[in-house]
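Chains X and Y, in that order, are what the protein sequence lines are.
One point on numbering: in our numbering, the residue at position 21 of the first sequence is 21, and numbering is uninterrupted.
Numbers in our numbering are just positions in the second sequence, counted from 1, shifted up by 1000.
Just to be clear, a hint being listed does not mean it is correct.
[Said to hold, decoys possible] Below are the DSS-like pairs computed for lysine-lysine, each with C-alpha atoms no more than 30 Å apart in a straight line:
| # | chain 1 | residue 1 | chain 2 | residue 2 |
| --- | --- | --- | --- | --- |
| 1 | Y | K1163 | Y | K1072 |
| 2 | X | K163 | X | K142 |
| 3 | Y | K1143 | Y | K1072 |
| 4 | X | K138 | Y | K1072 |
| 5 | X | K198 | Y | K1163 |
| 6 | X | K32 | X | K142 |
| 7 | X | K138 | X | K163 |
| 8 | X | K154 | X | K198 |
| 9 | X | K143 | Y | K1198 |
| 10 | Y | K1142 | X | K198 |
| 11 | X | K198 | X | K163 |
| 12 | X | K142 | X | K160 |
| 13 | X | K198 | Y | K1143 |
| 14 | Y | K1143 | Y | K1163 |
| 15 | X | K140 | Y | K1198 |
| 16 | X | K198 | Y | K1140 |
| 17 | X | K142 | Y | K1198 |
Hints in this document: simulated from the structure, not taken from any laboratory.
Protein chains: 2
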Amino acid sequence: MPNVTLYPLENYTFGAKDAQPEEDSSVAARLKRLENDYETQGMRRTVEAVMVVHQHNHPHVLMLQIANAFFKLPGHYLQPGVDEREGLKNILNERLGAADPNEWANEPQWEIGECLSTWWRPNFESYMYPYIPAHVTKPKEKKTLYLVHMPPNKVLTVPKNMKVLAIPLFEVYDNAARYGAQLSAIPHLLSRYDFEYKPM
Amino acid sequence: MPNVTLYPLENYTFGAKDAQPEEDSSVAARLKRLENDYETQGMRRTVEAVMVVHQHNHPHVLMLQIANAFFKLPGHYLQPGVDEREGLKNILNERLGAADPNEWANEPQWEIGECLSTWWRPNFESYMYPYIPAHVTKPKEKKTLYLVHMPPNKVLTVPKNMKVLAIPLFEVYDNAARYGAQLSAIPHLLSRYDFEYKPM
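Next up, chain X with everything else stripped away, as it sits in the complex (with noise of 0.2 Å):
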């Protein structure tokens, strides 16, 4: 089994930076956004990070809860030809990194790693399935989940209308009313590695 090693939540510390508003201000702005998108570009690449901690040696993803209300994993849509890896590094530095970008080059660095699943939205709707439909030959969207795993220690400084929760395994497993069926299916793909805890 390959091996992770995760630090205590405690070594990192959260900051504050200016909001980062959605930038759609509806579930159908965002799709028709989409839509205007893959006439000129083609299939959407979307990346996300899976953030993995320890309290207590349980394993916790860091979401994102927007507005008091849903969660998200951090994560963007690329622009086309942007490399994933390199891509979702960026998205995690504007995302979490300093306020001031001079600085990202500065703070210890997160490390893309291996893919743990995919997502494919089959049409310009908000189902998404973790492989390609029968008969669908073009793919609209196609969402790939990174483990990233965590520098020892970091600031991780969120804009003001996000919260970063560090959420426990055990609540996110089986529970797709909470989470949705993206967010609840992690406990799964992260079984395969073997966690070293370390201590703060």
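Starting from the known structure of chain X, fit chain Y onto it as the hints suggest.
Leaving out everything else, chain Y in the frame of chain X:
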């Protein structure tokens, strides 16, 4: 993304051999034997195979159906000290290899690939989790699912009390009601692979 080659279901032919009855006549008997074995041998290690083929370029997982009722993956628990991959190879031969064990060496071989997931049984009870629950220091059973790379062709010789069914991912996905928590998670576990679909 790692690449996996899938061959069409039609490449495999199915024979029959003597029935292989379940070792235990009830869930209670099975858990009782797990408890007895734990006293002398410690944590039970179980290995199971995720064998994937395709039909019309959609992945299908080979499952055993017992007595026209429940589904399970080919697999079994291991005796203490047995290597997991070597053990799984023998288990697959016993279950699906030729009736005469002397012929196993002449048949096309299964190749035991990566660990896909791990399930833990914290108590002598039915529930298993894809993580070690908090405060559990001595799990009673660890079940590991391996991706098994199928040879391009093979005769699968099936015990008379079982059927082998190729179940499409879209049927298993989000269908814990029929397939249970473990089997219905397989589409998630496979989503990080890039499948290459070979013709007949």
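To see whether the hints hold, each was checked on the structure:
{"no.": "1", "hint": "Y:K1163 / Y:K1072", "in the structure": "11 Å, holds"}
{"no.": "2", "hint": "X:K163 / X:K142", "in the structure": "26 Å, holds"}
{"no.": "3", "hint": "Y:K1143 / Y:K1072", "in the structure": "13 Å, holds"}
{"no.": "4", "hint": "X:K138 / Y:K1072", "in the structure": "33 Å, violated"}
{"no.": "5", "hint": "X:K198 / Y:K1163", "in the structure": "47 Å, violated"}
{"no.": "6", "hint": "X:K32 / X:K142", "in the structure": "17 Å, holds"}
{"no.": "7", "hint": "X:K138 / X:K163", "in the structure": "35 Å, violated"}
{"no.": "8", "hint": "X:K154 / X:K198", "in the structure": "15 Å, holds"}
{"no.": "9", "hint": "X:K143 / Y:K1198", "in the structure": "25 Å, holds"}
{"no.": "10", "hint": "Y:K1142 / X:K198", "in the structure": "23 Å, holds"}
{"no.": "11", "hint": "X:K198 / X:K163", "in the structure": "25 Å, holds"}
{"no.": "12", "hint": "X:K142 / X:K160", "in the structure": "29 Å, holds"}
{"no.": "13", "hint": "X:K198 / Y:K1143", "in the structure": "25 Å, holds"}
{"no.": "14", "hint": "Y:K1143 / Y:K1163", "in the structure": "23 Å, holds"}
{"no.": "15", "hint": "X:K140 / Y:K1198", "in the structure": "25 Å, holds"}
{"no.": "16", "hint": "X:K198 / Y:K1140", "in the structure": "25 Å, holds"}
{"no.": "17", "hint": "X:K142 / Y:K1198", "in the structure": "23 Å, holds"}
Of the hints listed earlier, those the structure fails to meet are numbers 4, 5, 7, in rising order.
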